[in-house]
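Respectively, the protein sequence lines represent chains G and A.
Residue numbers for the first sequence follow the numbering used here, so the first one is 542 and each next one is one higher.
Residue numbers for the second sequence follow the numbering used here, so the first one is 19 and each next one is one higher.
Quick caveat, the hints were computed from the structure, so don't treat them as lab data.
Because the structure is a prediction, the values reported are computed rather than measured.
Treat the hints with caution; some may be incorrect.
Partial selection, computed: residues in chain A whose CB lies under 7 Å from chain G [to be verified]: (1) R236; (2) F241; (3) A256; (4) G257; (5) A347.
Every residue gets a Cβ at the ideal spot worked out from N, C-alpha and C, and that includes glycine.
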Amino acid sequence: MSPTDIGESTEALGCAHVWKRFGEVIANRDISLSIARGTVHAVIGENGAGKSTLMRGLYGLHSLDQGSVRIDGELIETPSVAASIKRRVGMVHQHFMLVPTLTVTENVVLGDEPVERGMLVLSRAEQKLIELGERLGLARDPALFRRRVGELSVGEAQRVEILKVLYRGAKILILDEPTAVLSPLEVDDLFAVLRRLRQDGSTIILVTHKLDEVMGLADRVTVLRRGETVLEVETGQTSAAQLAHAMVGRELAKSVRTTRQKTISPPTMRLKVESLSVRRSDGSLALDGVSFSIAAGEILGVAGVEGNGQSELALSMAGISTPERGRVRIDGQDVTALPVIARRRLGMRYVPEDRHGRGLLLDATVEDNFLLGVQEHYRRFGFVDRRRLEIDALERTKALDVRPPDLSAVARTLSGGNQQKVVIGRELAGRRDIPLSTLVCAQPTRGVDVGAIEKIHAEIERVRKDGAATLLISAELDELLALSDRIVVLFRGRIVGELEDFDQFAAGELKSRVGALMLGAA
Amino acid sequence: MNQAGNRTLERIVPPLWALLIALGAASMLIASIGGNPHQVLGLLSLGTWRSGYGFGQVLFKATPLLFTGLSVAMALEAGLFNIGAEGQITVGALAAALAGATLPVGTPHWLAIFLCVVASFAGGALVGGIAGILKAWRGSHEVITTIMLNFIVRAAMVGLGGTIFLRESVHTRPVIEAARFARFSQWLSPSLFKGSAVNDSLFLALLVCLLVWVFLNRTTAGFALRVVGASPGAAEAAGISPGRVTAWALALSGGLAGLGGCNFVLGYKYYYEDGFSGGVGFMGIAVAVLAFGSPLALIFAALLFGTLSQGGLAINAVVPKELVDVLEAVIIFAVAGTKWPVRRMLSRSSSKISSGEKT
Ligand SMILES: Nc1ncnc2c1ncn2[C@@H]1O[C@H](COP(=O)(O)OP(=O)(O)OP(=O)(O)O)[C@@H](O)[C@H]1O
Ligand SMILES: [Mg+2]
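Extracted from the complex, chain G is given alone in its bound form (with noise of 0.2 Å):
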């Protein structure tokens, strides 16, 4: 096709009049896209902003309420998945779909799998993995593909997503925030491949809340307001401040952090944390000999690429999993061997980064979820006090702006980032009875949109305020850099580096400062 050759026949995906309804939540209003082949078009929206459902919408995982979908210029009467695989179109989920006792080779051949003489015959399509991972740069070891997707870190898991759907030999790849999980060096590494993609042809439609990631890949972005289209531009013409304007429909506070805490005089330090060292199940050390110390109304951020030692940090703070060397103490109270309750009893709360996994209960409601872990603070008598715990929920969630505003929804049905909001809002709600000591916070902002980040970073400073002691671990170094008084940078499991009075420095310069720590470099 040459490139003069402009008109309807260059529209590699696009739908018309798309409504879909979940009872009372319209999730998509009235949607059209027209998707030009060879480009990278955007999609973003607050959470809930009905995103997810476009996708799975376009994708044929559910029926359309009204509307049509076109692939390639041809309509498809009723969209499958069946159909949309025939025709070359592939999703990467927000949540992860693999099968995490199969192997990677597995995975990807799964649900075709390739069969001679009624035997699973896995070598030629290794084969075939090894050479798209290596021209692709998606996978340069080749032992990948022989472990399991359960040993795999995310973003490992991620890129086999990707890698399953290119098997199938996709040209149209939907992508639903595939970088929430992501570091910054493996958003980089991913979207080399994604460049890579578009330059031989391909078609993508990426779901993201990051914007310099829109303003850095995309051609063209559609954002997505309650459903509906409220903006659709050439990323050329646009700006971060246009998009993030147009997503949350007014405009964003610039930084929540206006005085930093400098020295403290005499320093009241809440979490005490001496040579604290922990085990992993296979045997290797996850934390090795870390200490350090949080003051009232400090934040203390936690830097480093995923796998060095965050993960069993939130844990071991969190009185989950017990250390093998080492103390901690809050408020002087040595509270290494008591368990999560007795440490929740002095005002210890946890913001715990797998959500699904230890945050929610997802076939419960949303007022059950508010219980989770404060059951004690709502006994009265032995009995669960609902009235105030409806009383308080429902304040929490108006604080948060949680929507839909609903106490009985099930919280498996809110969108990642509504589900996000109800941890933050129960874990750092004010308590009169036990008042908020510590908080142990990890990633919380994952997968949620700008709006909610501001949420989540005012209700953060303000705890701080009253004078708790916060161990922030977070992925974002922007938000580390954001919100915390002094950031630590744990490499294999130790502390090589840690800074504080970030106005000395230039800007730009301290990120790549933590950002050479991270990779190790002293």
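Chain G is fixed; fit chain A with the ligands onto it per the hints.
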């Protein structure tokens, strides 16, 4: 579609569907062995709901099923599969019988009943608790331990028989008058329930149903139990110890099954008799599965299985009573088989994705 409505439909449709399939299968089966389906099903309904005695017997048979069904259902809420209701009801019944027989004759009625009921609960809880502690302490799977405990209880009963049973019999001494539940035929309607053993322990069963519902949904301990069942990871983060909850949840579940022994011991024969249970412990599993965790559905399921076991006796004259065993099996299969299709049908419009979050 409305979400809450969807969930109710999801609960109601499969059992009804299963019942229809079972009736169809039964008709074919009866016809294939040369019977007349119309006549047999007519007999079945006459022997159960369409006569006073039959109706009373249905209630009588449903009573222990309510307890064992509740026992299994409560364990399921905690994510545990209690296969041991059979052993638990046995020990519960024995405990009630021994307590009732040793009480001094002058004990007030309410106190005697109370003590015997508590004894039956404690007996069942003991057996369930052993499995619970083994699971919490050693990680032994409750399916294995509860099954094994069934055998152990069986063997213990054989061994104990010589010392606790009256000579030349397989039953214990009767409980004192004061420790007996009144029969419906004694106070409600002598003419209607004539000859039927249905007794006040049915009210105990309904009361316990209500209490269990309140416990699970309104108390913090019940909440802890549900959290452990729904997500052990979330339980840990919330400061709820999955091990400890598992231990007492199985004890509680065992206690509920143990209460089922009261129907026979305090309401019917007034003593413990070897082999009295007739498999109600295992049938409780079917009742719980059929009920899908809803207390109201549990009552219906218990009535359904009560109807079938009573109906088996009624049709024995024309066809083998094992026919109802087949019916029970078909119902269970049909429910298990329709649960998914129904879900899919109802959720076609909504998301089909339910895997782990990428975090
Ligand atoms: N299966 C479902 N049942 C009921 N409501 C649903 C269902 N799926 C989505 N919704 C609702 O539809 C709306 C849009 O959800 P969707 O998952 O598309 O949002 P999203 O834009 O992808 O958000 P996020 O950025 O948080 O992933 C939300 O209000 C959500 O609660
Ligand atoms: Mg989404």
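Query raised in the report: If you check each hint against the structure, which ones fail?
Result: Violated hint (a single one): 5; every other hint is consistent with the structure.
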